[in-house]
Amino acid sequence: MLLLILLVLPLVGALVVAPLKNNAATAKLVALAFALASLVLTAVTWFSYSIAEGAPRFQLELSVPWIPAFGTSFALGVDGIALVMLALIAVLVPIVMGFSWEEKLPEGRTAAGFFSLLLATQGLLVGVFAATDVFLFYVFFEAMLVPMYFMIGRFGGPRRQYAAVKFFLYSLFGGLIMLASVIGLYVVSGAELGQATFTWVELQRMAASVDETTQIWLFIGFFVAFAIKAPLVPFHTWLPDAGAEAPVGAGVLLVGVLDKVGTFGFLRYCLPLFPLASQRLAPLVLTLAVIGILYGALLAVGQSDMKRFVSYTSIAHFGFIALGIFAFSSQAFAGATLYMVNHGISTGMLFIVVGLVIARGGSRLIADYGGVHKVAPLLAGTFLVAGLSSLALPGTNSFISEFLVLVGSYPRQPVYTILATVGIIFAALYVLWVYQRTMQGPLRGSAVLGALEPAGGPGAMIDPDVAAKKAGTGFPDLSGREIAVLTPLIVLVLVLGFFPGPVLDVITPSVMATLHEVGLPDPVGGLSQ
Amino acid sequence: MNAPLNVLVAAAETTSELPHVGPATGMASLAWLLFVLPAAGALVLFVAGRAANKWGHWLGVLTVVASFALGLAIFLETVGLPAEERTREISLFDWIAVAGLHVDFGLRLDPLSLTFVLLITGVGSLIHIYSTGYMGHDPGRRRFFAQLNLFVAAMLVLVLGNNFVMLYLGWEGVGLASYLLIGFYQDRPSAATAAKKAFLMNRVGDVGLAIAIFLLWTNLGTVQYTEVFENIGTLDAGVLIAITVLLLLGACGKSGQFPLQAWLPDAMEGPTPVSALIHAATMVTAGVYLIARTHPIYDLTTTGRLVVALVGVVTLLIGAIIGCAYDDIKKVLAYSTVSQIGYMFLAVGLGPAGYALGIFHLLTHGFFKAGLFLGAGSVMHAMNDDVDMRRYGGLARYMPITFITFGLGYLALIGFPFLSGYFSKDAIIEAAFAEPGWQGWAFGGAATLAAGLTAFYMTRLVLMTFFGEKRWEKLKSADGRDYHPHESPISMTAPMIVLALGSIGAGFLLSNGHVLIDWLAPSLGELEEHAAGGALPHEIVPWIVVGFSALGVLIALLVVGGRPTPVERPEPVSLPVRAARRDLYANAINEALIARPGVWLSRALVYVDNRGVDGVVNGTAAMLGGSSGRLRRLQTGFVRSYALSMLGGTVLVVAALLAVRFA
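Sequence order for the protein chains is Y and P. Here the numbering used here is used: position 59 in the first sequence is 59, and no number is missing along the way. Remember, the numbering used here sits 529 above the position in the second sequence when you count from 1.
The set of hints was computed from the structure by calculation and includes no laboratory data. Glycine included, every Cβ here is placed at the ideal spot set by N, Cα and C. Hints should not be assumed to be uniformly reliable.
[Said to hold, decoys possible] Partial list, derived from the structure: chain P residues whose beta carbon lies under 10 Å from chain Y: (1) 623; (2) 683; (3) 701; (4) 708; (5) 762; (6) 764.
[Stated by the list, open to error] As a list, the in silico DSS-like pairs of lysine-lysine whose alpha-carbon atoms are at most 30 Å apart: (7) 1003(P) - 374(Y); (8) 1005(P) - 374(Y); (9) 1005(P) - 860(P); (10) 374(Y) - 999(P); (11) 21(Y) - 104(Y).
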């Protein structure tokens, strides 16, 4: 029942907020109230979830028949992997709202619309992670595109419509292929179990007995959809556009949570339902993952647009997650799962900080900035914290997940792991280089100088349009609201860096169950067992 | 002259036994405060913001001094224990635990780590005090102390951790602190670039360290020191060599050793106290610590040790040669550091006998090099922050305390008999000569030659700075001010005096009666004395080394002291000098082989990604309605076409499936 409320509450909120078009202040407050209520409810869910030994794989279950003739039911339930994703959503949405509080919207758009879409996305995402019926999952998987599509297409940057359509077409294409596999799976289950079903647990039970060829075909359907969502190279090109054009708030949810549906799908659907195919095709996926790590990083180095830069760093990070998932060990699985959470926190923070910079300077180009630390030292400092988390510095949250992925992957896949480890050098390069160009050095760049000086001042050499638009608006340091938005993220970065225990304890039993479902033992037992 | 240490070669086989590890009780159970104190100081200084500008630096000093006091208390308590009970561990909490993997957030207190604790907090305290004077007028003073505190905390984690992941935490933690402090003067593009370069080259080394950890986990199922060392003997020779070489890569990155040495001279962009603490006395010696700490692994492979020794020898020569060519006082000292750490690597590479010698030289070097850097800072303070020695001259009279303390550091560094460096460096060279076969001649010879070069470049430095014509009288600094050299305030000279005393006495005190070696024995193994069978009998080695050093001093006196120093750098110069001025082309090689191709590759990929990969997709998108004009049409017919294509796709795949299954 908890999960149902958690799912419905934000959707109700979306409906309540949407009509408040003429009263932005009320709309925002109501939306935030719903988001905070969801956060509290998620905390209750977190503590209701049992991590005791022998606790069931899925908990807080709810199942009502939906279309009985069709073998599908409205079934919800969470394991540790889904639970941490629910927690991530619940934390990010209020932060995104806080960030978007004073966001300048395109003409004709209202805050009520945007906040309503945020809540709708939240509700549908809860559905995606909590569904334990494959068909229900598919429905949420497709439905969550809709509010995101509108957020990008209506509230985004100058090329928002192009980006929104590209995002939609890619996702749609993946969704269709997955639908075919979902139905295929249903057909196969009819033959294997005597009674066709969409129930995940039933489907998993029959997984071992399905022959490898069938598994491979069905796997591919799910895989393509998830690889587009995740995204893995070469299915990635929609992300930089969507990430660059999406309003920052939507971008945080898109890259932070929505894309994780892809990697979550690998873990929840590809591996347990098609164990033989997963093992057979692992080298292929691992190759894509490692290419993604290096390719994404090199492209991040070469970007000139800050938001595209963040998107490309994410492509590199998704490579690490995929590596962990297809390396088949408890540590790598746990690392990949934790990585999904941590990436949401650190990239979400990076997106937000970049958004704050852009809001001040009016330009997305890296070259339009320089020496920001002189006028906005707190902003520069938080940029660095977000960057250090992105490059997985020990002491930050991301280190734990990256270390677990790599240490867990090495025993089975030394070559891929070594290549991925080389990626950490590039990570340092792309983070610190952007930091150096935008934040360090003397004050420079038309966006900074333009904001500080009246039009036509000296040094505005890069983009006269930007300089003219921002003339004399100032380049203020973080405001109280912005500090309030960023503080929880900084706290999470550090606390999860030193005390990941509570989260890992939730994740570990579920990933060990997943490894068991794949049918493989841990490659390294460990001395302490 | 007696051989100072009676260093004799240990056999290739290790004679050390693993120490018994007990729980920490008494003062030692408070060991977590050692790094929590400075870390808390850093946190307060960062968070409190401008509110802490007035008193922030004193909080920084206080926390580090308190940490030193606690370290001293734990040290004295440990000295009171019998040798076999001196290795103790505390587990604070489970840091990372998944299935069979357990990474303890735990500390190992043993003679090796406690030695480092005293070095880090002791020299750290002095340099904090010095910085209250040196950074007194800097608007970023609070930030400086916050970052310096962060460094002390991270360095303590590095040496106190009881497993490889804790080590890695400290390892990259000091990398961060070093990055922040090198780039402290953020306005200067050169500082920002140097900081980034340091972090990147360190990360190259970190990759090696990380992969070594993965190998240990894969083969042994643990990353805890105790368990790794107990089981390391079960591994194949090949894996052992791989692990040692990978650990060495990490060590080279952190310690500025060949081929990752190029970042350290650039790191001199940081404020001078930073150069003294981080880039001379402590952080850059972490590589030596790593090899000494993991000696049970190195004990098992002569090949692994040989690679370490070779790296050390190559680096000590590179550093000494380049040190002769620079006019920037801090860069000369930086290359001197590179070279001296090369000696330490050589020592630990020589094996069981050398581990303690490496640590010995590390400690004496910590004193005299930190002192030299603080002296250089004092000179810069007096000379409008100018670092070009060609603009100095005749400063001895204007800053007598600086001159005397610097002079003592200088004598210690060049190995003047019975000062610190004499004992520690000679011991290493003796041990090198004692190696059998070609290695004895090659290692010993190179180390002796470098000792001569060291004497040359340091004498040159002292002559150009403190003696000769007052070249600054006719010059103005870059900001147009006249030079008014003066002695520094007491907050700066007091630490210099303390370090100078260390430069005089540390070598004798630590070597007399094998004090240090016996103290370290539980960590590094007992020294077994063997009859030397190496290249040269150890009785005559000190004479040769002192002879070479004297020659270096003499040449410097003749070449530099015998004629006036031109204010402008002479050009053109001979080929070797030109090469040395260009860091023996290390940067050029990095640039040509890595940086430039990397930028090209990145640009090419951006192009490909935008045109190639994306082009296919964009074509499709354009066809289907990528432009905004067609968007509307797409939206209106949306649901219908969606449903239709869903149906179409489904039918297709189900048909395919049935065909496969029932074929």
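Non-conforming hints, listed in increasing numerical order = 5, 6, 7 and 10
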